[in-house]
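K.L.:
Residue numbers (my numbering), protein chains in the order written: chain A, 947 to 1497; chain B, 977 to 1155; chain C, -12 to 349.
Hints listed in this document are in silico derivations from the structure and should not be mistaken for laboratory results.
One-sided and incomplete, this derived list gives chain A residues near chain C with beta-carbon spacing under 10 Å:
no., residue
1, ALA988
2, CYS991
3, PRO1122
4, PRO1152
5, ASN1173
Keep in mind that this is a model prediction, so the values were computed, not measured. We put the CB at the ideal spot given by N, CA and C, even for glycine.
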Amino acid sequence: MALKHVNAVIVGAGAGGGVVAKELSAAGLSVALLERGRWYSAADCRKDDLCNQRTQVLGAKFGPDDERNPRVAVDGKGRETVVVASDGAYSNNAACVGGGTFSYGAMAWRYMEKDFRMRSTYGAVAGSTLEDWPIDYFDLEPYYEKAEWEMGVSGDVSNNIFKAPRRKPLPMPPLPPNREYRILSPAAKRLGLHPFDIPMLRNTVPYNGRRSCMRCRWCVGFACEVNARNGTHNTVIPEALATGNCELRTDCMTREILLDARGRATGVAYFDANGRLQEQTADLAIVCGGAVESARLLLNTKHRLFPNGLGNRYDWVGRNLQSHTYPAAIGLFEQEVYDDLGPGAGIAICDYNHGNPGLAGGAMLANEFIRLPYQFLSAVPAGVPQWGPEHKNFVRNAYRRTISIMGPVQEMPVFDARVQADPKVKDYWGIPVARLSGGKHPHTLEIAGFAAAKAEAWLKEAGAIRTWKRLPGASLSGGQHQAGTCRMGNDPKTSVVNKDCQLHEVDNVYVIDASVHVTNGGFNPALTILANAYRASGNLLKAWKGSKARS
Amino acid sequence: MPNQKPSLKRRTFLSAGLAAAAGGAAISCGGGGTGEGWRFFTAEEARTVDAICERIIPADRDPGAHAAGVVNYIDIQLAKRFKKHQAAYRKGVAGVDAVSRARFGKRFAELPPDQQTQALTEVGAKSGAFFNLVLNHAMQGFYGDPRHGGNRNMASWRMLGLPLPPVRGRQHYDDPKAG
Amino acid sequence: MEGIEGALVKSILLITALLAAAVILMVPATTFYFESGGGRRCASCHEMQSLYDDWRGSSHRGIACEACHGGAFTAQASFHANNVARAYAHLRGDVPDQIGFGNEFAQAMTERCKSCHRQEYAAWQSGPHSATYARIFLDKKHNTENLPIDDCLRCHGMQFEGGIGDLIAPIDRKGPWRMIRAELGGMPSMPCVTCHEVHREGQPMSKAGVEGRVPGPSQEIARPSLALFDRRTERYMPVAGMPIPEMLEGDRPVRMSKDQRQALCYQCHAPVSTMQVASGDDRTGIGVHEGISCLACHAQHGQKTRASCASCHPKMSNCGLDVEKMDTTFASSNSKHNIHWVKCGDCHTKGIPRKKAPAGAL
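Same shape as in the complex, but just chain A (with noise of 0.2 Å):
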């Protein structure tokens, strides 16, 4: 039995198809939205610490599952191996409505102005196809403050000097400082700094009829088991079903994007949760599967207009995977640090983002959530034996005594980081996988050393009696934070999609999530996915011409 004709099929549930759901059904089109994983809540969840989206040793616990969604990684020396989704290689994020918005820290960041002019702003550098936003920070400011205000962002971000103008605060304040915080930020400020809390998709008071945060230590990775973190999953996504136009299908694989013999999109082949082949028409099709997915979608939708995938004229599709390279400091303290009370990280400083001397950007500095005992000892350092009683006596000694802070590094995009479909291996649906190769620039490893020392210093000052330091590795950066493959340009030649995010091949095909990012920010990108999908959404409706299924 034929599916009944939308307006638009969205591809993915996650930060950004929630968005462009909400905003489309809202309008008065009528919407299916497609999600391979499932709607998960706190009972799926339980805070297994060993089994949660952020430390997956056995299994990720938010999709998508190990059996039937491989994916090739190639390494440095060009060794190609499957991985499954718990595995590190294999940059997964999730796979459940809200996608990583579901069990996120949910840090909030606005990209500073300079974010969006990346090349203007410090030149070419040579390897990276460094290279500004079709858009400016001030073509989004007004979907970063409805987002702020439609989803709810506490923090105060009024002590943040470099932050870009802004025309309303923040809805919400932010929490009370845990014990780390009222060490950190009176260091900062003997530093010069400029401490001030972190903005968060969290309530902090009663928001949109729902809690506030609990401030358990189970958070990013986590189900948020009063609702009080804000995602697509617990905001837009059920404001769209309200509607009546919008109807929700997870476990939905989709396999292509379907054309008509002009190059058209007519809709997307699925594979429904009992594994049946659908065909969904419509007027629209909106993908977006975050970098890694969108990017493979495009690339199996074959054509005889399209021979290397959609949108692939120029081969640009799937190049350019970047995400967050995270260096850290850790420091050790006299007296006990940890309060227990969540989610941990809560101060911040944006004075290393820009003007750094000889550096193309640099990273937001912030503590770290709460580290569960397993995780905490990824924190031990290389000075220390890694088994035997020293190992443990240190372990014992120092979790309630260290402070970590970390930032994620505004990354040199690379060519050839890219994501292909896979000639060989298939998953579950017999559909080919994606397959990542390439690796990170050196000047990102630069910088990462660059803010893994002023971290440091930061601790130091703050009355760390010992100090040391986690520096990333030269691998494939993908994860959670993963963006750039399919990019935002008004040159077909050197970009995916125009600053609408409309594919330049085909005007009813659109990406809407961080593939489009040119470059990626110092910081957590979510605020700025939500952002751009209500902005892209908005364009959409306005270029709208086709007939809604109800007014």
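With chain A fixed as given, assemble chains B and C onto it according to the hints.
P.N.:
Then chains B and C, alone, in the frame of chain A:
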């Protein structure tokens, strides 16, 4: 008819009893068990792995890997999520005992702690991949959630001073004290 | 011909019937085989070993497995079907990491506890902790003010297998709300096994000396089975290891009773993260009742406080008032003076009079 009934009953009971015994016996020793309640390991392997883990996380004033049942974690996971590591364990554990025998003439589990440490250091140098595998798994079993078979009585979490479970209520929407 | 054919049909029927009976009887017979070993045979499956060991060291060691878990003679098809499913899973090697129990069993256990602990059952049933699912989750006032969330299930319906969205509908503040599985509505949302772990290590207790009086802070009766069923981990946390929070009144640390049983109360009657007295669901005593254990006034199971004043107070206060009739929430829920937090100065606004006579008890 009347005289047939008891015999029917008897026969049914007999067959049911036989079936029960067979079923019971089948279930008791089924499930790929190795006789001593392990899911993957042989009893000897389990002893060796238990001893390796205890060297990795030895008991001091707090329980070590043995008391925390870390070997249970590894055994359970090898039968489930870590199936792909089964061969590595089979070979690696034999390797540890071989090194112990070659150096000290005994199985690993029978050595005194300092000789175990020497043997393990040698294993780490010789077959680093296997040693790192056990190392990671031991850490998971000791510091990870007890629901997966290790960290008995939340030994490591108590050692680290985590309140279990935390006392944590929440603000009520209608709470006049809120905000 | 007919006779022979008839006999053939008869014997085929007979054999089929016999086989069917054998197959059907095999299930309870297998159960009988296991239970006849006094639990030892159950423990031959490795996943049962620790449960068996725990039970052997528990205060319930004298109670046979089948008394609580059901046995060969349990007249409930689902029980036997479940056993078949579990045995099949076991044979396939599909063995759970830890054996837990579901809501259905938790509910059934409540009735089985009653068969011995009649008095406790009656007290519990008359008190607030026997509130049903419907009472908790379909409360109109609550739900219009507070959106139902998964965290509700941490203290109510902790054994329920799903999330809040599997329990009631709709999840909004408009309602009307209904139980998705109607039969749950009438069941207790905090059954016995919420606060009692039947397999918890301990000595069997004699009833004498336990019943009949409200224990004061110096007369702690820590029942061996006291443990919290922690929904997050689906495991029991023994009361001995659970934290009693360091409560604050403003910046002042509150003097806390050392009664370890309170750790159980604090899991649900919990302050928010600031640890301030009276925040969230906290009811820590300050003022005249500071330092007194929850259980000094709230007798176990029934939570009745009516008779508790007399165990410490003379009837008349220092200022000559009947303590039970003073202007507190004990006398009337409309009072501004919550009995947990009331201070002398709340009424004696012009200064607290000196003690007239030495206090009686305490």
